[in-house]
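Trainee: Given next are the chains, with one letter for each unit.
Number of protein chains: 2
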Amino acid sequence: MGKSLPVSPLAPDAFPDLPEIGGVRFATAEAGVRYSGRTDVMLASLAPGTSVAGVFTRSATRSAAVLDCQAKIGGDPAQGAAILVNSGNANAFTGRRGTAAVEAVTNATAKRLGIPSDRVFTASTGVIGEPLPHDRVTACLDDLATRLAPGGIADAAHAIMTTDTFPKGSTETVTIDGQPVRIAGIAKGSGMIAPDMATMLVYIFTDAAMEQPVLQDMLSVLNRTTFNCITVDSDTSTSDTLLMAATGASGIRISGTNVGFMEALRRVMLDLAHQVVRDGEGATKFIEVSVTGAASDAEAHVHAKSIANSPLVKTAIAGEDPNWGRVVMAVGKSGARADRDRLSIWFGDLEVAHEGEVSPDHDEDKAAAYMKNEEIVIHVDLGLGGGTARVWTCDLTHGYIEINADYRS
Amino acid sequence: MGKSLPVSPLAPDAFPDLPEIGGVRFATAEAGVRYSGRTDVMLASLAPGTSVAGVFTRSATRSAAVLDCQAKIGGDPAQGAAILVNSGNANAFTGRRGTAAVEAVTNATAKRLGIPSDRVFTASTGVIGEPLPHDRVTACLDDLATRLAPGGIADAAHAIMTTDTFPKGSTETVTIDGQPVRIAGIAKGSGMIAPDMATMLVYIFTDAAMEQPVLQDMLSVLNRTTFNCITVDSDTSTSDTLLMAATGASGIRISGTNVGFMEALRRVMLDLAHQVVRDGEGATKFIEVSVTGAASDAEAHVHAKSIANSPLVKTAIAGEDPNWGRVVMAVGKSGARADRDRLSIWFGDLEVAHEGEVSPDHDEDKAAAYMKNEEIVIHVDLGLGGGTARVWTCDLTHGYIEINADYRS
Chain A
0 MGKSLPVSPL APDAFPDLPE IGGVRFATAE AGVRYSGRTD VMLASLAPGT SVAGVFTRSA
60 TRSAAVLDCQ AKIGGDPAQG AAILVNSGNA NAFTGRRGTA AVEAVTNATA KRLGIPSDRV
120 FTASTGVIGE PLPHDRVTAC LDDLATRLAP GGIADAAHAI MTTDTFPKGS TETVTIDGQP
180 VRIAGIAKGS GMIAPDMATM LVYIFTDAAM EQPVLQDMLS VLNRTTFNCI TVDSDTSTSD
240 TLLMAATGAS GIRISGTNVG FMEALRRVML DLAHQVVRDG EGATKFIEVS VTGAASDAEA
300 HVHAKSIANS PLVKTAIAGE DPNWGRVVMA VGKSGARADR DRLSIWFGDL EVAHEGEVSP
360 DHDEDKAAAY MKNEEIVIHV DLGLGGGTAR VWTCDLTHGY IEINADYRS
Chain B
0 MGKSLPVSPL APDAFPDLPE IGGVRFATAE AGVRYSGRTD VMLASLAPGT SVAGVFTRSA
60 TRSAAVLDCQ AKIGGDPAQG AAILVNSGNA NAFTGRRGTA AVEAVTNATA KRLGIPSDRV
120 FTASTGVIGE PLPHDRVTAC LDDLATRLAP GGIADAAHAI MTTDTFPKGS TETVTIDGQP
180 VRIAGIAKGS GMIAPDMATM LVYIFTDAAM EQPVLQDMLS VLNRTTFNCI TVDSDTSTSD
240 TLLMAATGAS GIRISGTNVG FMEALRRVML DLAHQVVRDG EGATKFIEVS VTGAASDAEA
300 HVHAKSIANS PLVKTAIAGE DPNWGRVVMA VGKSGARADR DRLSIWFGDL EVAHEGEVSP
360 DHDEDKAAAY MKNEEIVIHV DLGLGGGTAR VWTCDLTHGY IEINADYRS
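Chains as they are written, first to last, in numbering that gives the first Met the number 0: chain A, 0 to 408; chain B, 0 to 408.
Keep in mind that a hint or two might mislead.
One copy or two, it doesn't matter: identical chains are merged, so the pair holds either way.
DMTMM-like cross-link-like pairs, simulated, lysine to aspartate or glutamate; straight-line CA separation at most 25 Å [said to hold, decoys possible]: (1) K365 x E129; (2) K110 x D141; (3) K110 x D216; (4) K371 x D12; (5) K71 x E319; (6) K371 x E401; (7) K71 x D340; (8) K71 x E102; (9) K371 x D270; (10) K71 x D320; (11) K371 x D360; (12) K71 x D338; (13) K71 x D12; (14) K371 x E129; (15) K71 x D176; (16) K365 x E401; (17) K371 x D142; (18) K110 x D296; (19) K371 x D216; (20) K110 x E354; (21) K365 x D176.
Since the hints were derived computationally from the structure, they do not count as laboratory data. All of these numbers come straight from a predicted model, not from anything done at the bench.
Next up, chain A with everything else stripped away, as it sits in the complex:
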């Protein structure tokens, strides 16, 4: 699974060179939860003094691990912390056995690392509804704890993959008071990706020192315009988790008003979010949907999501067809305000529709040539007000059908 899929044509050239973050150590193992011949468990150990913040799926059927993490966010940084993730089994919709599995894993991890169990954050990703063989995970703990090392983040990015075709990482370094402050993050995600949630599994680490409420606020705010603005297939996972840990190892304290750090963190989050879209199941095109002139930012977001989730828009782009009529359709059905006769549409720099009808400048050949690009920008101006939004998605291809019509069997 995953491993047998060809790497997405939209993948970056290489996994980035992620720096070590003081206070964070990683280890991975082959627990054999579901996959064989590959790592499927990652452990991250966080030094005492590390603040941890998180954003999670809003699904009403969220997994036991997500519920457990949500209850623990905001605990005492002095105790240190740990993140333990398995791939291959989501431990979702597994009832009391699911809750017991999370308890077993967090208790065993806490005991082995000598930290309280309410400082152990777990996640599980993979098939839904099958009991997690948690003993296979806990059986690896001695080995994992022995091999914890600062340089293992790339291996960690591999261990959490499911249908992903490439590991996802991003980094930024900001200089504050003459000192480098580092941010490094990893993510996994390829299908069951939709806006309005924390999306997938994302782990971001920094050696900045941050109070937990400052970290939580910054993460939540930036999440709205990054991970909450991507969609692969409009389907929201039961397990989406975004966790960020600030170890303080750099000795530099970051407040909520540090624009330089916040912008760097935003770039890391957006880069990881885009990488998830670039690994969208079956994707051959990376699409930015930009909406301006809406009655409000919220309504712009509704229009942008409606376009980005439309199977007809996504298949037209897969077919390299500049079918802007389907964009009109998606705006019309969104439920947010639109006036047909003020609506204009661009593919890249080419205006294809102008105030409710085909643009006088429209050139079908130029538009068709533009659609051959690997990155497509659709811009819609509603002509109503100042509301704007940007959303990123991929096309809908035979690859998506192939991957999902035979995921579990």
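Fit chain B to the given chain A structure using the hints.
Mentor: What follows is chain B alone, placed relative to chain A:
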């Protein structure tokens, strides 16, 4: 287009034998709007005394013809009426030229038939954003008017097809006061089909006598549980139109409380709605999603739609995979209330999940065998209240991608 696609494997064995409806005459022609070698215009002439009611798309970018029809519904039955439909071009998002085209067609039709132009209802279906060559339609009017005949409804069903792979018709006869009252309807639709609208082009005729407000109320109420409960791809058309004409030729007057007639009409509407799903682009499975135990009927409908529109649920069914975890996911993301630990799921009669985890009776082999059926029933009980809903859809296959990645080019 359309003609070259293989007939859906879910198509009925044959087009039904539709009765003539007193007061209704049909004619079709090859106007060459976009297609060649097939009919693409249909004219229905309605005798004086005919009430006409309609339900239309709620799209904010609805077509000029839809806006025109909405303004005319409820006019004077004494004048008679006409319905004129072309396929191949939707005349949607065509600005002032679109409005002018509707005026040209309705005026020419009115003049030729000797009725007021506010009694001519038009619709256009096909590609969006290209100006309608309305002169090609009006050039056929003399020929159409000369050939109007009571028996032409099957030909009419053919003329309005676009990506449809079979024509859709349905009929019922009710005996009232010892007299037969007939209902006959035709529909077209295959892609860009989503709930919360009148859906596609649907024309229903009866020789009952009905006051227009009675007819309108009955149509609107029945639409909620028929056409508004189907979805192919969650994409809502700019042109959806459901029109019903009651000529009164039977001499039998129907009130709003005639349960026998209303039930017969409901069966015709549901039959036509199911035929649209059975011709869903690329469909190989007909799927009923039944939700019970929701907090309200409205929330049951939200859950049912979320399941029926989920690409992951639809691809799982295409792959004959009893992947009920994806049903859990779709319930969780819907936004309506759900309690994971009260949720139970059945595929047909097989309980696969029971109160938040895999059912003790679950047998993977039996479930896999059930998924090989052409008709699949997914039943979700939320265990919260008395709300219920039923929605119908089809699976998502390579056929959908093939049809839509190359519709216009």
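Trainee: All hints, please: hold or fail.
Mentor: Status of the hints after comparison with the structure:
no. : hint        : result
1   : K365 x E129 : between (51 Å within a copy, 17 Å between copies)
2   : K110 x D141 : within (11 Å within a copy, 89 Å between copies)
3   : K110 x D216 : neither (31 Å within a copy, 68 Å between copies)
4   : K371 x D12  : within (20 Å within a copy, 42 Å between copies)
5   : K71 x E319  : neither (47 Å within a copy, 40 Å between copies)
6   : K371 x E401 : both (23 Å within a copy, 18 Å between copies)
7   : K71 x D340  : between (51 Å within a copy, 21 Å between copies)
8   : K71 x E102  : within (13 Å within a copy, 65 Å between copies)
9   : K371 x D270 : within (23 Å within a copy, 42 Å between copies)
10  : K71 x D320  : neither (49 Å within a copy, 36 Å between copies)
11  : K371 x D360 : within (20 Å within a copy, 51 Å between copies)
12  : K71 x D338  : between (47 Å within a copy, 21 Å between copies)
13  : K71 x D12   : neither (37 Å within a copy, 60 Å between copies)
14  : K371 x E129 : between (42 Å within a copy, 22 Å between copies)
15  : K71 x D176  : neither (33 Å within a copy, 72 Å between copies)
16  : K365 x E401 : between (32 Å within a copy, 24 Å between copies)
17  : K371 x D142 : neither (49 Å within a copy, 45 Å between copies)
18  : K110 x D296 : neither (47 Å within a copy, 49 Å between copies)
19  : K371 x D216 : neither (40 Å within a copy, 49 Å between copies)
20  : K110 x E354 : neither (65 Å within a copy, 33 Å between copies)
21  : K365 x D176 : neither (50 Å within a copy, 66 Å between copies)
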